[in-house]
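Dock chain G against chain E, hints included.
Protein chains in written order, with my numbering: chain E, 612 to 828; chain G, 4 to 632.
Calculated directly from the structure, the hints in this document are not laboratory data.
Being a predicted model, the structure only gives us computed values, none of them experimental.
Hints are all accurate, no fakes.
Derived DSS-like pairs (lysine-lysine); straight-line CA-CA distance at most 25 Å:
id, chain 1, residue 1, chain 2, residue 2
1, G, Lys320, E, Lys649
2, E, Lys718, E, Lys752
3, G, Lys35, E, Lys752
Computed beta-carbon distance windows for the label pairs:
id, chain 1, residue 1, chain 2, residue 2, range
4, G, Gly383, E, Leu659, 21 to 31 Å
5, G, Gly383, E, Leu803, 46 to 56 Å
6, E, Arg801, G, Gly98, 21 to 31 Å
7, G, Asp55, E, Gly775, 36 to 46 Å
8, E, Ser667, G, Gly219, 45 to 55 Å
Far from chain G, some chain E residues (derived; all Cβ distances over 12 Å):
id, residue
9, Arg618
10, Asp684
11, Leu687
12, Thr705
13, Glu734
14, Val748
15, Arg783
16, Pro805
17, Ala808
18, Glu818
Glycine included, every Cβ here is placed at the ideal spot set by N, Cα and C.
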Amino acid sequence: MDKLRLRFEKTGRAIYISHLDLMTTMQRAFARAGLELKYSEGFNPHPLISILLPLSVGTASRCELMDFRLREDTDLMTLPEKLTAVLPEGIRVTEAYPSERKSAQLKWLDVSGMFEYDRGAPETGALAAFFDRPEIVIEKKTKRGMGLSDIRPAIERIAFCTEGGSILVRARISAQEPTLNPDLLAAALRQLQPELAPDFAEFTRLETYDSEMQIYR
Amino acid sequence: MPTVPLTTAMSITITTTRMDKRLKRILPRVQKPARYTGGEYNQILKKKDEVDLRLAFCFPDTYEIGMSNLGLAILYHTMNSLPFVWCERVFAPWGDMYDEMKRAGIPLYALESGDPVSEFDSIAFSIGYEMAYTTVLDMLDMAGLPLRTEDRPELLPLVWAGGTAGVNAEPMAPFIDLFVIGEGEEVNNELLTLLRQAKLEGWDKQCFLRAAAQIGGVYVPSLYEVSYREDGNIQAVTPTDGAPARVKKRIISNLDAVPFPTSPIVPSTEVVHDRVSLELFRGCVRGCRFCQAGHVYRPIRAKKKDTLVQQGIEALKNTGYQELTLLSLSTSDYRELPALCDGLLDYCEERSIGLSLPSLRADNFSMEIMQRLQKVRKSGLTFAVEGGSQRLRDCINKNVTEEDLLHTCSIAFAGGWNNVKLYYMLGLPTETDEDILGIAEMANQVLHCWRLNAKNKNRGVKITVSTSCFIPKPHSPFQWEAQISIDEYRRRVNLLRNAITAKNVTYNWHDAETSLIEAVLSKGDRRVADAIELVFRRGGRLDAWTDYFSFQRWMEAFRDCGIDPAFYANREIPTDAVLPWDHIDVGVRKTHLLRERARAYRAELSPDCRKQCSACGAAGLLTEGRCDG
Numbered sequence: 612m613d614k615l616r617l618r619f620e621k622t623g624r625a626i627y628i629s630h631l632d633l634m635t636t637m638q639r640a641f642a643r644a645g646l647e648l649k650y651s652e653g654f655n656p657h658p659l660i661s662i663l664l665p666l667s668v669g670t671a672s673r674c675e676l677m678d679f680r681l682r683e684d685t686d687l688m689t690l691p692e693k694l695t696a697v698l699p700e701g702i703r704v705t706e707a708y709p710s711e712r713k714s715a716q717l718k719w720l721d722v723s724g725m726f727e728y729d730r731g732a733p734e735t736g737a738l739a740a741f742f743d744r745p746e747i748v749i750e751k752k753t754k755r756g757m758g759l760s761d762i763r764p765a766i767e768r769i770a771f772c773t774e775g776g777s778i779l780v781r782a783r784i785s786a787q788e789p790t791l792n793p794d795l796l797a798a799a800l801r802q803l804q805p806e807l808a809p810d811f812a813e814f815t816r817l818e819t820y821d822s823e824m825q826i827y828r
Numbered sequence: 004m005p006t007v008p009l010t011t012a013m014s015i016t017i018t019t020t021r022m023d024k025r026l027k028r029i030l031p032r033v034q035k036p037a038r039y040t041g042g043e044y045n046q047i048l049k050k051k052d053e054v055d056l057r058l059a060f061c062f063p064d065t066y067e068i069g070m071s072n073l074g075l076a077i078l079y080h081t082m083n084s085l086p087f088v089w090c091e092r093v094f095a096p097w098g099d100m101y102d103e104m105k106r107a108g109i110p111l112y113a114l115e116s117g118d119p120v121s122e123f124d125s126i127a128f129s130i131g132y133e134m135a136y137t138t139v140l141d142m143l144d145m146a147g148l149p150l151r152t153e154d155r156p157e158l159l160p161l162v163w164a165g166g167t168a169g170v171n172a173e174p175m176a177p178f179i180d181l182f183v184i185g186e187g188e189e190v191n192n193e194l195l196t197l198l199r200q201a202k203l204e205g206w207d208k209q210c211f212l213r214a215a216a217q218i219g220g221v222y223v224p225s226l227y228e229v230s231y232r233e234d235g236n237i238q239a240v241t242p243t244d245g246a247p248a249r250v251k252k253r254i255i256s257n258l259d260a261v262p263f264p265t266s267p268i269v270p271s272t273e274v275v276h277d278r279v280s281l282e283l284f285r286g287c288v289r290g291c292r293f294c295q296a297g298h299v300y301r302p303i304r305a306k307k308k309d310t311l312v313q314q315g316i317e318a319l320k321n322t323g324y325q326e327l328t329l330l331s332l333s334t335s336d337y338r339e340l341p342a343l344c345d346g347l348l349d350y351c352e353e354r355s356i357g358l359s360l361p362s363l364r365a366d367n368f369s370m371e372i373m374q375r376l377q378k379v380r381k382s383g384l385t386f387a388v389e390g391g392s393q394r395l396r397d398c399i400n401k402n403v404t405e406e407d408l409l410h411t412c413s414i415a416f417a418g419g420w421n422n423v424k425l426y427y428m429l430g431l432p433t434e435t436d437e438d439i440l441g442i443a444e445m446a447n448q449v450l451h452c453w454r455l456n457a458k459n460k461n462r463g464v465k466i467t468v469s470t471s472c473f474i475p476k477p478h479s480p481f482q483w484e485a486q487i488s489i490d491e492y493r494r495r496v497n498l499l500r501n502a503i504t505a506k507n508v509t510y511n512w513h514d515a516e517t518s519l520i521e522a523v524l525s526k527g528d529r530r531v532a533d534a535i536e537l538v539f540r541r542g543g544r545l546d547a548w549t550d551y552f553s554f555q556r557w558m559e560a561f562r563d564c565g566i567d568p569a570f571y572a573n574r575e576i577p578t579d580a581v582l583p584w585d586h587i588d589v590g591v592r593k594t595h596l597l598r599e600r601a602r603a604y605r606a607e608l609s610p611d612c613r614k615q616c617s618a619c620g621a622a623g624l625l626t627e628g629r630c631d632g
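Only chain E is shown next, with the shape it has when bound in the complex (with noise of 0.2 Å):
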């Protein structure tokens, strides 16, 4: 079969198993739903699949990506329920279709974030207040060891909300070129505002766009 792509959720316990870990998962997953990944040709044959956006350790998505190939045709309907009944707890494929659109046409990703604080929350207000600059220079890591970046451009909108004694954090921000990891987010507080700064953050990828802000799939 063409290139397929299959959109899942990584949640819960699965949120800590690693990017090449999952390759492997779900490669795994696909043996025992009986599903032949077409593989690569040459000296070491691999399965083709890749996933889009690789998530880091401890984000959870209800929006993952990944494209792969069948050697043979099979109902696509029924695939998502065959592929999650033998996965590991916390994911859970939603939908598998033809891909059509090209991964590079990825570029913006809804995250949710829940900042929680051990000594009280911030008001929002300086929240949104610290993320309203102009620029956000952070020092982050990059190929090249430690650099400069402004992250500011990445980040098209944020929006608080107080929730029990933690703070919820939406955002809008760019998945790729630049890629912004959401942990960011905290991480720019920590080194520019350090009384804003979250005692623990973590996020939950909610949705992919492109460029023109429409619903990528």
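Relative to the frame of chain E, chain G by itself:
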């Protein structure tokens, strides 16, 4: 055995445990957090209020090691087949996670439910090797339990253990309420059934232990009094309260009939042996005189080829693994090996599933099997030669000749292999410098053989010689032998090092310090327990890892406890002495071990069990069928 449908991961939504909040904060900071979360495919979940007994099945090493252990997978499956038991897994955290857990005040917890181990009714350890002893204590401590059995007066949680280390359980006797000796598939469930009764009827611990000691294969150390002579040897081991004078090892007579997990847990993160494992047979026909496994796992019982093919295919389907391996002490001695390989390869080849056969012997390594395997995957060849001269190999009854080895190598080199590993032991009884130099000579012969036979010399060849220090082991014919001193081992290593000159031959040697400690622990008695505890109190854990092992800590602990390690490791024990493990009956008679030892000193081979039964006694353990030796 009654079975219940097992609820697997998919049908249950994540139960929020009370530890979640603290755990989720530390997990992103530790290496490979997926090994601390559970939730893997095929894990077994039950409802805790629907079971009578909750069992924390503890493996005193890391997740990656424990999840590679077939015994653990088998017993997880058999114990969970009891509808009134929920058996969950517990592993020892690596250092970073250990520190984080201590800092956050998180006690040791079980992977399936996330519940603290202290809340369980029973805690069972699988102890495969002596260097795990400090980790057992560490896990008890992390669970918040007193280390010593006398400091745990209540019946629950019952702390018990099994595994190979149980063949001399004495060094751990003060810490463990009871040991299961031998294979656990049946006896564990008998024990759990009794424990359930005891819990429901409110027995006290003493009453339960006395009853448990009547189950075959159950050893309750506290029911045995040990007295010592002035020379340090044991005077007597006296059973009390009706406990049997000798505890006889349990075995499974019919391996085809015993449950085997064809839906094992598939880890969501990489582990050491990430594949389907099939056990061909238990026991060994060879009788190498240094080998504990070859004696304590007797008699020989094979699984039928058809059982194995069916279980292998089922397990591959249920796990999605891309590799299958055949386990046993000596794969080539499986009678139906060619037919088994054919049966499995028929399934594996068209699915690109790799089949690996460890533990092949150099003497009957069949070209046909090797060539068939080659179609799928080609890995290095490893030969456990053990001794550097024919005389020494005859002494240890390692029935490999140089001719066999070179013949096998020539086939392998002609077939395109170019990576050969040769394993030896230094310090075997009767070893001379000449024997040691023979190792270097043999490596040269292998190199020469490559030059004569290699298909493509441009690719080069890699020959690796490895030596370890001989450790005399309980229940082997060499159990009375002395280990050579660390200095002497180093001298022999240097001798060999200087003799190996070819640049294609690499020499690795195992350090002697671990071997000394291992010798003390494997041949130790109850007096050694104090030192184990002291090492733990001073920070010892995960001692099987060079990252954590501290020779100095062990030597200081021995000193501070008034224990002379040389008394246990470097002393030849008189054959009339009472051995600390004499009251553990593994089936092989002491007279057989003595006879084998005498033959060793005459460099006399004993025929393998297939050629001629040596009447070692182990067949007496069988309740049906006969020994496959």
